[in-house]
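Numbering (this note's numbering), first residue to last: 32 to 295.
Some clues are possibly wrong.
[Claimed, not checked] Below 25 Å or equal to it, Euclidean Cα-Cα: the simulated DMTMM-like pairs (lysine to aspartate or glutamate) are:
#	residue 1	residue 2
1	K104	E189
2	K132	E105
3	K103	D88
4	K111	E85
5	K132	D165
6	K104	D164
7	K169	E189
8	K111	D88
9	K104	D63
10	K261	E277
11	K103	E263
12	K261	D279
13	K169	E263
14	K169	D84
15	K132	D102
16	K103	D84
[Stated by the list, open to error] Here are the in silico distance ranges between beta carbons for each label pair:
#	residue 1	residue 2	range
17	A281	P224	16 to 24 Å
18	D115	D252	19 to 27 Å
19	L255	Y286	45 to 53 Å
20	D252	T282	49 to 57 Å
21	Q258	R168	34 to 42 Å
Keep in mind the hints are simulated off the structure, nothing from the lab.
Predicted model, so just to flag it, every value in this text is computed and none were measured.
C-beta: ideal position from N, C-alpha, C; glycine also.
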Amino acid sequence: MNILFVGDVFGSAGRRIVAEHIGHVLESNAVDLCIINGENAAGGFGLTPPIADELFDLGAHVITTGNHFWDKKELLDYLKVPVDSHDRPRRILRPANFAPKTPGFGVYEGALPNGQAYAVVNLQGRVFMSQNDDPFRKADELLNGIRSRVIFVDFHAEATSEKIALGWYLDGRVTAVIGTHTHVPTADERVLPSGTAYQTDTGMSGPYDSVIGVERQAVIDRFLTGQPAKFEAARGNPKMAATLVECDGATGRAYGIRRILLGE
């Protein structure tokens, strides 16, 4: 079973470069399951229902998010669906360790047309991030209830150490732990000893002539002056960053992982 994970889609440039490449990447790698992190897809901050539909139309089975889940309020009403639904709104996730009664869901279990079961889990870190529940214990709680052997975890976190620690903590219990949020692809992809594919950050699908997606000068001015500035999504030099995970569908164990970075 081949799983393609597309890193944080940032603004219109990110959506355009993903639309340019995802079709041939899915086909040439015989991808079975496609997951896209879309939390920055709407102008760099949040996700809207129409943009979510764009990503689903491109081939996403599940869309994950992160700390910008709240930025577009129209998404919250869109996600009011039954827990047992398999419609598109149910396949948009927010971090499972957000506070109880937060709108939306943090895990999705589905099946591919061939009957292959899978689960996608969205978690958020606590180090240098806004307060939320412990992702380690939340993972334990969720895994107790997940029936699928193939389990993909998007860990949306700032600290490298926290991401690596969760990878080791879940080694052998999930198929993959792939980090998002920092928007810079890391060169540490590997399969851990007990069969979990790991990468600290898959990287941003968006404009690389920027500061993690934002127009450069506004960020530089903020560092120089300390004054708040309006951040706008950049457009230059877009690239699609993704990670391909190969696994055994029967056991959920990964046996391969590869970085993908494609420009115009």
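Hint compliance check: list the failing hint numbers for this structure, sorted ascending. Those not satisfied are hints 9, 10, 12, 13, 14, 18.
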